[in-house]
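Asks: Residue numbers (this note's numbering), protein chains in the order written: chain W, 1 to 403; chain U, 1 to 403.
List of simulated lysine-lysine pairs, BS3-like, C-alpha gap at most 25 angstroms:
{"no.": "1", "chain 1": "U", "residue 1": "K5", "chain 2": "U", "residue 2": "K17"}
{"no.": "2", "chain 1": "U", "residue 1": "K244", "chain 2": "U", "residue 2": "K103"}
{"no.": "3", "chain 1": "W", "residue 1": "K327", "chain 2": "U", "residue 2": "K32"}
{"no.": "4", "chain 1": "W", "residue 1": "K327", "chain 2": "W", "residue 2": "K240"}
{"no.": "5", "chain 1": "W", "residue 1": "K146", "chain 2": "W", "residue 2": "K103"}
{"no.": "6", "chain 1": "U", "residue 1": "K159", "chain 2": "U", "residue 2": "K146"}
{"no.": "7", "chain 1": "U", "residue 1": "K146", "chain 2": "U", "residue 2": "K103"}
{"no.": "8", "chain 1": "U", "residue 1": "K32", "chain 2": "W", "residue 2": "K17"}
{"no.": "9", "chain 1": "W", "residue 1": "K287", "chain 2": "W", "residue 2": "K17"}
{"no.": "10", "chain 1": "W", "residue 1": "K400", "chain 2": "U", "residue 2": "K296"}
{"no.": "11", "chain 1": "W", "residue 1": "K400", "chain 2": "U", "residue 2": "K159"}
{"no.": "12", "chain 1": "U", "residue 1": "K146", "chain 2": "U", "residue 2": "K190"}
No wet-lab data here; the hints were simulated from the structure.
Residue strings, one per chain:
2 protein chains.
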Amino acid sequence: MNMEKIMEELIVQNNSKIVMVVMDGLGDIPHKDFDNKTPLEYASTPNLDHIVRESVCGRHIPVFPGITPGSGPGHLGIFGYDPIACTIGRGVLETVGLGVELKHGDVAARCNFATLDAEGVITDRRAGRIATEENRRLCDILRQIKEIDDVEIIIEPGKGHRFVVVFRGQNLNPAVRDTDPQHEGQAPLKAEAVREEAEYTAEIVNRFIDRATGLIKDEHPANGILMRGFSSRPRIPTFKEKYKLEAAAIAAYPMYRGIADLMGMTLLPAPDTIEGLFRTYVQYRNKYDFFFIHVKGTDQAGEDGDFAAKVGVIEKVDRALPVLMDKRPSVLAVTGDHSSPCPLRSHSWHPVPVMVHSEFCGADNTTRFTENQCNSGGLGFFESKYLMPILMANARRMDKYGA
Amino acid sequence: MNMEKIMEELIVQNNSKIVMVVMDGLGDIPHKDFDNKTPLEYASTPNLDHIVRESVCGRHIPVFPGITPGSGPGHLGIFGYDPIACTIGRGVLETVGLGVELKHGDVAARCNFATLDAEGVITDRRAGRIATEENRRLCDILRQIKEIDDVEIIIEPGKGHRFVVVFRGQNLNPAVRDTDPQHEGQAPLKAEAVREEAEYTAEIVNRFIDRATGLIKDEHPANGILMRGFSSRPRIPTFKEKYKLEAAAIAAYPMYRGIADLMGMTLLPAPDTIEGLFRTYVQYRNKYDFFFIHVKGTDQAGEDGDFAAKVGVIEKVDRALPVLMDKRPSVLAVTGDHSSPCPLRSHSWHPVPVMVHSEFCGADNTTRFTENQCNSGGLGFFESKYLMPILMANARRMDKYGA
Chain W
1 MNMEKIMEEL IVQNNSKIVM VVMDGLGDIP HKDFDNKTPL EYASTPNLDH
51 IVRESVCGRH IPVFPGITPG SGPGHLGIFG YDPIACTIGR GVLETVGLGV
101 ELKHGDVAAR CNFATLDAEG VITDRRAGRI ATEENRRLCD ILRQIKEIDD
151 VEIIIEPGKG HRFVVVFRGQ NLNPAVRDTD PQHEGQAPLK AEAVREEAEY
201 TAEIVNRFID RATGLIKDEH PANGILMRGF SSRPRIPTFK EKYKLEAAAI
251 AAYPMYRGIA DLMGMTLLPA PDTIEGLFRT YVQYRNKYDF FFIHVKGTDQ
301 AGEDGDFAAK VGVIEKVDRA LPVLMDKRPS VLAVTGDHSS PCPLRSHSWH
351 PVPVMVHSEF CGADNTTRFT ENQCNSGGLG FFESKYLMPI LMANARRMDK
401 YGA
Chain U
1 MNMEKIMEEL IVQNNSKIVM VVMDGLGDIP HKDFDNKTPL EYASTPNLDH
51 IVRESVCGRH IPVFPGITPG SGPGHLGIFG YDPIACTIGR GVLETVGLGV
101 ELKHGDVAAR CNFATLDAEG VITDRRAGRI ATEENRRLCD ILRQIKEIDD
151 VEIIIEPGKG HRFVVVFRGQ NLNPAVRDTD PQHEGQAPLK AEAVREEAEY
201 TAEIVNRFID RATGLIKDEH PANGILMRGF SSRPRIPTFK EKYKLEAAAI
251 AAYPMYRGIA DLMGMTLLPA PDTIEGLFRT YVQYRNKYDF FFIHVKGTDQ
301 AGEDGDFAAK VGVIEKVDRA LPVLMDKRPS VLAVTGDHSS PCPLRSHSWH
351 PVPVMVHSEF CGADNTTRFT ENQCNSGGLG FFESKYLMPI LMANARRMDK
401 YGA
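Isolated chain W, as found in the complex:
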């Protein structure tokens, strides 16, 4: 009997409201140019300082100690899906990240425009990182391919040399090997089925590649394509199925809207200020049980190595907090999906600070919501997938286990 089964049997419904504010990439490490403080330590956060005294804190670990998660595993974890057992394919993540709708049974791939020589050998896997406008122009050319043998072809440009292709039709299967050999100096691979059920899909993919290459063979420098991460929308239980929660997402970026959609959340309007995100919660409070509010700026600042910008986003969240707390949720969690320390300019393996506020949370001695204070909080260190059980318990939405 695993965690999911146990949860399923214990869940009860009530009128509680759960809000999870996810400051993307929130966790950080001390920065020598800023008094050896982390952005959370450096920021002025009077509202968080007030709430944290009535909260219980801890640090969560997205996959296992030492593992740096991508956005997929990071969000799977905080939503209570085991990020090892349950994966979101790269094609799927890239596709939903571009705001393209994915239906069950579609097969999505993330693609590169590449440069091939006269013999068809790859000389640049990224076609000299062409500009996004050039990418758009090329995708428009490829869009002449509307379908192959009744399989609809959907093409969407991303940034630089990246785009996605979605195959929509009957009997498709994502078990197809990458055509990107990951090395220059060799030709792109043929799409090959890993399992028999995917042979038809591999054939369609190869026919697509032939036609696409024919259409752009005289372009320069992007005269070829590489495809990888073939995947389909995962068949994972929705929030309604898993937690009996009507869940809504307030997220501006397509990637996070896409992830929320995979989990069956309703996508609510997401204005471009943090106060606006919180106002959406207030407006829809009565219609949903669970609100995922996604703040992107912290991760962006972390990846840019911009300490001051990260501090600024944290302070904006703090200043907007009274809007949210005016319609106080039964349970409020403030956390991130992973750490993105400014000195690293990337996602990292560091445990993520989390605070949980509710009437019965059992406040600890934490006086500020910082990485170091969270280390001795009342939640301890725990795998991210346990955050949802903790929030459900605080919302009194779980029965006792065993007599």
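Please build the complex by placing chain U on the supplied structure of chain W, with the hints as guidance.
Replies: Just chain U now, with coordinates in the frame of chain W:
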């Protein structure tokens, strides 16, 4: 290779004495009427304060974060049995809780007296929560059914409308579905075998129900019975098998005596004062290796929401502690089986404080045995099932793993 197998290979024997004082439902959360303190923080505990400075502390999690355990999973955990893999059936727990001996192969069910209308439809699943004396009178009537087809029938009244029935005989199997439909407005269900091996048992159960209903059909309001939680004594290794420990329980309440009995502990006299419990340990110290001392009052106070009473029980334990420490065990653990916070008046999901005292425990900086100080103790947060390995290690009863 799992925890049990690894432990088994490493265990050695010596003359050490391990004492585990379980203050039932010990963990708590701050109470606003008591300086925002928990009972452990509020209580005056000079003896614990002294010992804790030579101890290592932490918090244990009975099942996984967010899960509120019943007494069964709670005690399984602290005794090193995985509370997910190993369950004690509700019928069994209710039966041992009433002090009824259960043999291997017996099938036990927890039962309700209920009210049925003229068509046999349930109008009250609890027969208006009849008085315990009425329950006793009805059970005496049912005791006319002494056996069915060589299967002995044992009946024991509980509180209010609740009683247990134990079926004792050959070839019995507990895989029988509840006859309680959990709803009024329909007839009780027939007992049905979930597996073929239980078909004979289901037949005996149905014959019992027919005869029982015949005997009380003219009673009022309790003229029917509902049965659920069919289960048998779990086949779990005893403390002797698992840890090579001669174990004894000093517990006054039938439920905990019953659980201890399931684990092969000898039941020692349990006087009704805490000092008395500790004196039993002193008296039997030479005869056993492991002593489980169960203090019920903390849980009772927590479930009653009586903060002062919980503080009182903690202070009584503290005052009696010199009796125990006068015959100092090699390893002393003080903990609970779960939390029962006064503000919640029930079991809860909050991690349980624990302190472990031994010569080589590696004392941490904890100066008082409280939830918050335990948060940063040297044991960290850990699943309850690891408490026994920790105690065995402190007792020097485990070899090195691997070369």
